[in-house]
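Q: Spelled out, the chains give:
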Amino acid sequence: MKTLSNLHEKLTKGEFVVTGECGPPRGANKKVIDRKISLLKRFVDAINVTDNQTAIVRMSSIAASAHLVAAGLEPVMQMVVRDRNRIAIQSDIMGAYSLGIKNILCLSGDHQKFGSQPDAMNVFDIDSVNLIRTVKDMRDKGKDMSGFDLDVAPQMFIGAAANPFADPFEYRVIRLAKKIDAGADFIQTQCIYNMDRFKEWIRRANNENLTDKVYILGGVTPLRSAGMARYMNNKVAGMDIPETIIKRMDGVDKKNQADEGIKICLETIEELKGLKGVHGVHIMAIEWEEAVGTIVKQAGLK
Amino acid sequence: MITASQKPINEIIELVEPYKKLLILGCGTCVKTCFAGGEDEVAVLASALRLSFKKMARSIEIEELTIERQCENEFIQEASPGIARNDAVLSLACGAGVQAMAKRFAKEVVLPGLNTTFIGIQESPGIFTEECSGCGDCSLATFGGVCPVTRCAKKLLNGPCGGSQNGFCEIDPNTQCAWHLIIERLTTLGQLDNLKTYIPPKNWNTSLSGGPRKLIREDHII
Numbered sequence: 001m002k003t004l005s006n007l008h009e010k011l012t013k014g015e016f017v018v019t020g021e022c023g024p025p026r027g028a029n030k031k032v033i034d035r036k037i038s039l040l041k042r043f044v045d046a047i048n049v050t051d052n053q054t055a056i057v058r059m060s061s062i063a064a065s066a067h068l069v070a071a072g073l074e075p076v077m078q079m080v081v082r083d084r085n086r087i088a089i090q091s092d093i094m095g096a097y098s099l100g101i102k103n104i105l106c107l108s109g110d111h112q113k114f115g116s117q118p119d120a121m122n123v124f125d126i127d128s129v130n131l132i133r134t135v136k137d138m139r140d141k142g143k144d145m146s147g148f149d150l151d152v153a154p155q156m157f158i159g160a161a162a163n164p165f166a167d168p169f170e171y172r173v174i175r176l177a178k179k180i181d182a183g184a185d186f187i188q189t190q191c192i193y194n195m196d197r198f199k200e201w202i203r204r205a206n207n208e209n210l211t212d213k214v215y216i217l218g219g220v221t222p223l224r225s226a227g228m229a230r231y232m233n234n235k236v237a238g239m240d241i242p243e244t245i246i247k248r249m250d251g252v253d254k255k256n257q258a259d260e261g262i263k264i265c266l267e268t269i270e271e272l273k274g275l276k277g278v279h280g281v282h283i284m285a286i287e288w289e290e291a292v293g294t295i296v297k298q299a300g301l302k
Numbered sequence: 001m002i003t004a005s006q007k008p009i010n011e012i013i014e015l016v017e018p019y020k021k022l023l024i025l026g027c028g029t030c031v032k033t034c035f036a037g038g039e040d041e042v043a044v045l046a047s048a049l050r051l052s053f054k055k056m057a058r059s060i061e062i063e064e065l066t067i068e069r070q071c072e073n074e075f076i077q078e079a080s081p082g083i084a085r086n087d088a089v090l091s092l093a094c095g096a097g098v099q100a101m102a103k104r105f106a107k108e109v110v111l112p113g114l115n116t117t118f119i120g121i122q123e124s125p126g127i128f129t130e131e132c133s134g135c136g137d138c139s140l141a142t143f144g145g146v147c148p149v150t151r152c153a154k155k156l157l158n159g160p161c162g163g164s165q166n167g168f169c170e171i172d173p174n175t176q177c178a179w180h181l182i183i184e185r186l187t188t189l190g191q192l193d194n195l196k197t198y199i200p201p202k203n204w205n206t207s208l209s210g211g212p213r214k215l216i217r218e219d220h221i222i
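As they're listed, the protein sequences go chains A and B. With my numbering applied, the first sequence corresponds to residues 1 to 302, in that order. With my numbering applied, the second sequence corresponds to residues 1 to 222, in that order.
Quick caveat, the hints were computed from the structure, so don't treat them as lab data. Since we're looking at a predicted model, the values are computed, not measured. Errors might be hidden in some of the hints.
[Unchecked claim] With a straight-line Cα cutoff of 27 Å, these simulated DSS-like cross-link-like pairs (lysine-lysine) come out:
#  : chain 1 : residue 1 : chain 2 : residue 2
1  : A       : K41       : A       : K13
2  : A       : K41       : A       : K235
3  : A       : K143      : B       : K196
4  : A       : K199      : A       : K254
5  : B       : K103      : B       : K21
6  : A       : K263      : A       : K297
7  : B       : K196      : A       : K136
8  : A       : K263      : A       : K247
9  : B       : K21       : A       : K199
10 : B       : K7        : A       : K276
11 : B       : K20       : B       : K55
12 : A       : K141      : A       : K213
13 : A       : K141      : B       : K196
14 : A       : K31       : A       : K41
15 : B       : K196      : A       : K213
16 : B       : K103      : A       : K113
17 : A       : K235      : A       : K254
18 : A       : K13       : A       : K254
19 : A       : K263      : A       : K213
20 : A       : K273      : A       : K10
21 : A       : K30       : A       : K13
With these hints in hand, go ahead and build the complete structure from the sequences.
A: Here's what the structure looks like:
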């Protein structure tokens, strides 16, 4: 079987993969990307490049992804449907592929209400599931959404997100199935802190044989402080940090909280490694890329 | 109904300031129901404006009138004498009413006194909620009678997104997640399987994306 990207190839071989995350800068400074690349490159198989995350305007995900390609790394270009209609989406996918970008993560996108420019009009012409199908049809049928035969069709390895912690819980597995049917090849999950709930979700996914059809990478974010834990739990949409974790962070000295956060993260990864249906880990060290090397080494992943 | 709310009084004062004789024209259907433009609101606004102008030591003559509907020619006619007597009309109708007035009285100044908000219902006394965006292609049958195009902040047709928690939308803890409601309704109706079906991209051509819309009823054209 022909693989679509290095990430795809490693997953096909059954390797437990590691993906990282690079948030582009709020400006045109390529050096920020270079710095993040140097912190991540020896430790991860691919790097997600976020697309104006939390609806704050940043360097475009395509441009930042292209910088990664030029540096010899493999990006997972994130694309949200919040800011582009279907015309721009298809055009950007073609452009991205022509720049050597081979992985895409299809997302709805955080609502602009959370961002720096809440006055903006959103688009949401199609939804994230439609986006998955669009990329798949371009790849497998060689057609755009109008049915037009593409000269060179983008051959992307297609990712989608899943949030096992959002409600209604019963529906979360149905939605996962829907994304797989639409064409998702891999899934990256929301940050896992509530391991019981994650285990229940993956158990249900296993029961429905969904984990045979898709590679699932468990999302982790090391907590830097107890304050960050509380902030994320209260302010970040769809985040579930159990009180026990917050208390544990609170229980250690401020100067040792970052170490404790990494310890929690390592314990989570250890559990994920043993779970049937989990094929890797997605480390989102938000503006703390320095932590990724430590985590990967201590977790014995590289 | 079409819902609306009155513009801030300072904005209204700025709008009417250049005129000496003003007709405040209420609309007795939708905007009356949502307490924005019926005869009661006309009377209250007229008093507030008289008082404000008095405080500014300025004179203004204000006439009050409320007609059944400003969006229909047959009712608009009733306002004709009042409009002739005044320099300007402050219309407390929705945007359709204001424009219908402006079309009918092409040489008169017609000013909007309301901000038109949405097509909705009064969910509980004093609480109005948006229910329909008039997209021109109703899919309520699929979604158990809850419209995701209007009521999901991301217009998701294959929702919900990852931000739904405890039945509420991530953008506002007081707004119910439309997808939560859809799932609840379909569970009750035993139709949850509806949601396993992939919903293709919506054709927005029937919505405002296709340009201003026109409804033609050949059988009623004279």
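Q: Take the hints in turn and mark each one as holding or not.
A: Hints, one by one, checked against the model:
As the CA atoms of K41/A and K13/A are separated by approximately 21 Å, the hinted pair is consistent with the 27 Å bound. Our distance criterion of 27 Å between C-alpha atoms is broken by K41/A and K235/A, whose separation comes to about 31 Å. Between K143/A and K196/B the CA atoms are separated by roughly 25 Å; this keeps the pair inside 27 Å, and the hint holds. Annotation: proposed proximity of K199/A to K254/A is violated, straight-line Cα distance about 31 Å (limit 27 Å).
Restraint check: the Cα-Cα separation between K103/B and K21/B comes to about 21 Å, which is no more than 27 Å; the hinted pair holds. At roughly 13 Å between alpha-carbon atoms, K263/A and K297/A fall within 27 Å of each other, so this suggested pair holds. Taking the CA atoms of K196/B and K136/A, the gap is near 19 Å; set against the 27 Å cutoff, the hint holds. A threshold of 27 Å between alpha carbons decides the hint, and for K263/A with K247/A the separation of about 14 Å falls inside it, so the pair holds.
Restraint check for K21/B and K199/A: the C-alpha separation of about 72 Å exceeds 27 Å, so the hint is violated. Between the alpha carbons of K7/B and K276/A the distance comes to roughly 59 Å, so the proposed pair goes past 27 Å and is violated. A hinted pair counts as satisfied when its Cα atoms are at most 27 Å apart, and K20/B with K55/B qualifies at roughly 16 Å. Between K141/A and K213/A the CA atoms are separated by roughly 20 Å; this keeps the pair inside 27 Å, and the hint holds.
Proximity of K141/A to K196/B is assessed by CA-CA distance (about 23 Å); at most 27 Å being required, the pair is judged to hold. A C-alpha spacing of about 15 Å is found between K31/A and K41/A, which places the hinted pair at or below 27 Å, so the restraint holds. Distance restraint check for K196/B and K213/A: the Cα-Cα separation of roughly 17 Å lies within the 27 Å cut-off, and the hinted pair is therefore satisfied. Under the criterion of a C-alpha separation no larger than 27 Å, the hint pairing K103/B with K113/A is inconsistent with the structure, at around 37 Å.
Of the pairs offered as hints, the one joining K235/A and K254/A holds, with about 21 Å between alpha carbons and a cut-off of 27 Å not exceeded. Restraint check for K13/A and K254/A: the C-alpha separation of about 42 Å exceeds 27 Å, so the hint is violated. Distance check on the hinted pair: K263/A and K213/A sit about 32 Å apart at the alpha-carbon level, beyond 27 Å; violated. Taking the CA atoms of K273/A and K10/A, the gap is about 16 Å. The hint holds against a cut of 27 Å.
For the given pair, K30/A sits about 34 Å from K13/A by alpha-carbon distance, which is inconsistent with the 27 Å threshold.
The structure shown violates the earlier hints numbered 2, 4, 9, 10, 16, 18, 19 and 21.
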